[in-house]
Structure formats: structure tokens, C-alpha cells
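Novice: Residue strings, one per chain:
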Amino acid sequence: MTEGFRVVEPGLLTTIQDMGRAHAVAAGVPPGGAMDRFAHAAANLLVGNHRSLATLEGTLIGPRLAAARHCLLAITGADLDPRINGAPAPTWTSLSLEEGDELSFGARRGGARAYVAVAGGFIGDRWLGSMSTNLMTARGGMHGRALIAGDVLAIGETAWEAEAGRTLAPDARPRYSEHTLFAIEGPQAGRLVSESRRDLFNAAFTVSHDSNRMGYRLQGPGLEARGEELLSFAVIAGAVQLPASGQPILLMADHQTAGGYPVVAVVVSASMPVAAQLAPGDELRIAETTLADALAMRAAQRSALDSLNS
Amino acid sequence: MPRPRSTARVRIQVHPLGDTALLAQLGSRLDTALNTRAIALAAALKKRRDVRQALAAHGTVTVQFDPDQITLDALATAIRRLATRRPPLEEPGRLHRIPVVYDGPDLEEVATELHLSRRRLVELHAAPIYRVFLVGFVPGWAYLGPLPEELVLPRRKVPRTRVPAGSVAIAGQETGIYPLESPGGWHLIGRTSVRLFLPDSDPPSLFRAGDRVKFFAATE
Numbered sequence: 001m002t003e004g005f006r007v008v009e010p011g012l013l014t015t016i017q018d019m020g021r022a023h024a025v026a027a028g029v030p031p032g033g034a035m036d037r038f039a040h041a042a043a044n045l046l047v048g049n050h051r052s053l054a055t056l057e058g059t060l061i062g063p064r065l066a067a068a069r070h071c072l073l074a075i076t077g078a079d080l081d082p083r084i085n086g087a088p089a090p091t092w093t094s095l096s097l098e099e100g101d102e103l104s105f106g107a108r109r110g111g112a113r114a115y116v117a118v119a120g121g122f123i124g125d126r127w128l129g130s131m132s133t134n135l136m137t138a139r140g141g142m143h144g145r146a147l148i149a150g151d152v153l154a155i156g157e158t159a160w161e162a163e164a165g166r167t168l169a170p171d172a173r174p175r176y177s178e179h180t181l182f183a184i185e186g187p188q189a190g191r192l193v194s195e196s197r198r199d200l201f202n203a204a205f206t207v208s209h210d211s212n213r214m215g216y217r218l219q220g221p222g223l224e225a226r227g228e229e230l231l232s233f234a235v236i237a238g239a240v241q242l243p244a245s246g247q248p249i250l251l252m253a254d255h256q257t258a259g260g261y262p263v264v265a266v267v268v269s270a271s272m273p274v275a276a277q278l279a280p281g282d283e284l285r286i287a288e289t290t291l292a293d294a295l296a297m298r299a300a301q302r303s304a305l306d307s308l309n310s
Numbered sequence: 311m312p313r314p315r316s317t318a319r320v321r322i323q324v325h326p327l328g329d330t331a332l333l334a335q336l337g338s339r340l341d342t343a344l345n346t347r348a349i350a351l352a353a354a355l356k357k358r359r360d361v362r363q364a365l366a367a368h369g370t371v372t373v374q375f376d377p378d379q380i381t382l383d384a385l386a387t388a389i390r391r392l393a394t395r396r397p398p399l400e401e402p403g404r405l406h407r408i409p410v411v412y413d414g415p416d417l418e419e420v421a422t423e424l425h426l427s428r429r430r431l432v433e434l435h436a437a438p439i440y441r442v443f444l445v446g447f448v449p450g451w452a453y454l455g456p457l458p459e460e461l462v463l464p465r466r467k468v469p470r471t472r473v474p475a476g477s478v479a480i481a482g483q484e485t486g487i488y489p490l491e492s493p494g495g496w497h498l499i500g501r502t503s504v505r506l507f508l509p510d511s512d513p514p515s516l517f518r519a520g521d522r523v524k525f526f527a528a529t530e
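One line per chain: the protein sequences are P and B, in this order.
Position one of the first sequence corresponds to residue 1 (our numbering), numbered consecutively onward.
Position one of the second sequence corresponds to residue 311 (our numbering), numbered consecutively onward.
Treat the hints as calculated values from the structure; they're not laboratory data.
Even glycine gets a Cβ: it sits at the ideal position worked out from N, Cα and C.
Possibly wrong hints are sitting among the right ones.
What the hints assert, rightly or not - Derived DEER-like restraints, expressed as beta-carbon distance ranges:
hint : chain 1 : residue 1 : chain 2 : residue 2 : range
1    : B       : Asp360    : P       : Ala244    : 23 to 29 Å
2    : P       : Val8      : B       : Leu508    : 20 to 26 Å
3    : B       : Glu491    : P       : His70     : 43 to 49 Å
4    : P       : Arg69     : B       : Pro415    : 54 to 60 Å
5    : P       : Ser194    : B       : Pro415    : 37 to 43 Å
6    : B       : Thr381    : P       : Thr167    : 53 to 59 Å
7    : P       : Gly281    : B       : Ile439    : 47 to 53 Å
8    : P       : Trp160    : B       : Ala353    : 53 to 59 Å
9    : B       : Pro415    : P       : Ala22     : 32 to 38 Å
10   : P       : Glu157    : B       : Arg518    : 46 to 52 Å
11   : B       : Thr381    : P       : Asp125    : 14 to 20 Å
12   : B       : Arg359    : P       : Arg126    : 24 to 30 Å
Unchecked claim - Selected chain B positions facing chain P (Cβ under 10 Å, derived; list incomplete):
hint : residue
13   : Leu333
14   : His425
15   : Arg429
Make a model of the complete structure from these sequences and hints.
Specialist: Listed below in C-alpha cells is the structure:
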């Protein structure tokens, strides 16, 4: 473990994330982890890491980081206009930095969350098997909080270094600009009145401003479900809950582990990277798909990542 | 020929949750026997290599699986087969005795709504040994029940945006303790100094599903 970067400016909300702490949900702890698992895994693979090592997740406004030593890094996910020493830097590509080089970000051009991986991985506090930052409990990552100016980011040792200039082909990257989330009916979809079922899978929704890593409130036509109150059950990221207000909530990485609201749809795994790249104010649609199509989309994403695994 | 066991007649519904998870529903009532079965089913499923996570709730199990190793239909069939097994005799869960100062901001209103004196309300709440049906929602929160029938009432119409940690609350057929300051829609009848979320332990929760909880009235 060595000093890798000094945080010059933290950005809006930059946190250390890995694949989360799935087993901690039995104690009510959110699973957490990178919101966009595809971008997170791709960034790691581009620099020769295992896909589960910790990356930085920058939100809307990226950080400004000064390299304390030579390293190999990759930036994936949202296009937040990354720059090396002020000059535009390519995304989805491994880049070599020398001591004193500065990584910064400019204006948001598309997407919401950019991932920075470094060869060896970022090192943060490990809590319940994961370095992911959990803001609610103030645990994991950089002492359970977002980065602040002056933080020093440690990075792990590498046995070998992948080469600079490795890239993920543009057609293998998720189409973040297509704001359609494919979903399968949820267990309580039958509770929706018929107009609401139609609206759920046809109408446009807007990600509200009180959306965060726990979930997105979706503003659109009010939806109505009928039936008795449910006993709470364990939920997953991608579940679309419908509270009595009629405004659905899409659960994201830091979701509450159980809930008693009807789950009227579940966004399929291959659409979650696109969901992770939506920002407050963005418009989206939920489109019904089949299990077979969902698995085909999933397989396509996996083979895109596998192409980097050599 | 031996007659088939009545337990073979469990009707279990399996719903997809997207492409990598499913919800197995054993029943929809608040029922200890049902919860015991759900916990046993989750434990059996966790041993499978194609299952990533299985979490029991009141009468359901949420299962995350690897679709590269098993299809949803094949897993649903396996779950129906597992659910016909007689659940193992459950060891009595650990018993926690929790001191409560019954001075919650909703105590008066709840007593009025239920046509009970404050004293009777406290007696009723502190009388049963509750079961931990599941731990979930926020870190360390446990759904405890069933409440005595006299105490059953719906959630608050307008949830609070801020409930202090340690608040003891009731809603529906259940009671619980807010482990962290959080928003909440349950009726606050008291408070406890016992810590439920233990971030430096693994698991980080005082309560586990199947545990038993007895409240007693305390003064500070």
C-alpha cells in the first residue's frame, strides 16, 4: 500500500466503492457498492485489476486529484470531461500518469457517475467485507464519508502492470443516452389498476431532486395500487416500489434492505448501469421485457467485459 | 403405505424479481410457524452454489441467484421441493430483555385511539415475549411481533422525517426499535438505551431472526 493521490478538490460526491457487502443485508445493512457495476468492472479490467477492487465513484462534478507517483488509471462511466494536466483525456481507456500529474474534470457531458480505477486498486477502510463507503452508517471507504480536499488516497501493490492505451470498443459500452430501463413485472404488479399498469410501462418519468444512492423517486403520472397492507419483505436494487403517494421509487445500491410497499416492476440487471447514470431531472421510461431478452442483454454485457479480461 | 405428511401441502408462490432474483412466498399472514419455515428455506437455499443470497422475511424468501448456473424455472422447482420438507425443530432463539422508558411522543394519542389507559397500554406492550421475524429495513432494525390485538393500529398518516435512535414504536401487528435516527411512520411509545446496531460486530445487529425479545418498563 502506497500513497497514490492527493485530493485537491473533492468534487460533488466522490466515494470509494467496490462490489458491496451482500452478506450484511441479513443485519439490515444496505448492500452498497458501485452504482454502475459495468463501468466499475470495466475500469478495473482496463488497468489489469480484478473487477472487484475499489474504484472512485465521482458524481456529476468529478474530483481533482494529484498523482503522488507513477500509476496506470482508467476513467469509465459518465462523461464528466476528464482531463490530465488540463488536456482532454479519453474515457474507457487505460492511461499512464507520472508523479505530479493532475487528473481533473470539467463540465458534465453525459451520465451521472464516473469511475476512476487505478492499477492495484484504491484502499479504504474495510467494513463487513467491503471497502464501499456507506454514508448512512459512516463506515467503509474513506472513513465512511465522501472525499474532502487534503485526503490522501492509498493504492494497493501490483504484481504486474497492464499497458496504457487498452480500450473498450465504443460499441461495447452501455448506451447511457438511451434512457429506457427494461423491466419485468414485480410480484405485486397485479395490484395496479389497469390505467396505472399501462402508465407504468409507457409514460415518461422524471428522476426527482431528492434522489440519491439509496433510490430515485420517479415523478410522473400518479400510479394506483389496490390491496391490503403487506408485511415487509427483502428487496433488491432495481425494484420499483409503489408507496401510497403513487410516485414510484426505484431502489439503487444503498437501498433499505426490506420494505412493505408493493413492488410493481423490477429493472433487469443489464439496465442497471443506465439507471445508475441518470441524474435528478433526467427523463426515463420503463419498458416491459421478457426474461429471455433480459438474459440476452446480460450475456452481451458480460462478453464485453470478458473481452478485457485477457 | 405411510400417508403423505400434511407439510407436503405447502402452497408456495414464486415470482420473478427481474432476471437475477425471485420472491418465494409461503404465506402472507404474520405467523411464527410460517416464519420458521421461511428461515429454514433460506438456510437450505444459501447452501446452494447457484444461490448468491437468500433472505427470509415474515413469510417470504428473497433469493438472488446466478442465472448462468440455473434458470428461474429450475430454481423455482427446487424451492417447491425444499418447501415440502418438514422444517427442522427450531431451537428457541436467544432471549433479550430490553428496558423501555414509556414516555414516547405518541403514547397519549395512541392510548386515546385504542381506548386504553397509559398504564394498560404499557402493561400490554411489555407482557408478551415477541419474536424477531426479520432484521432489515435499516441497519439493526427488527420486526417484532405479534402485538396483543388491543394494540393493533395502522401506521401514522404522515410519517415523521426524523425519529430519534432508540425510539420504541408500534404499527400494525408489530413493534420495533429505531436503531439509528431515521424517517419513520410508526407510533413512538417509548425509548431504550440498548444499542441495536453494533457496527464493530459481525453481524452488526444485536437481534437475529428467530430471537425472542421481552420489554420491561424502566425509569431512565
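Novice: Of all the hints numbered above, which does this structure not satisfy? Sort the numbers upward.
Specialist: Violated hints (numbers, rising): 1, 2, 6, 8, 10, 11, 14 and 15; every other hint is consistent with the structure.
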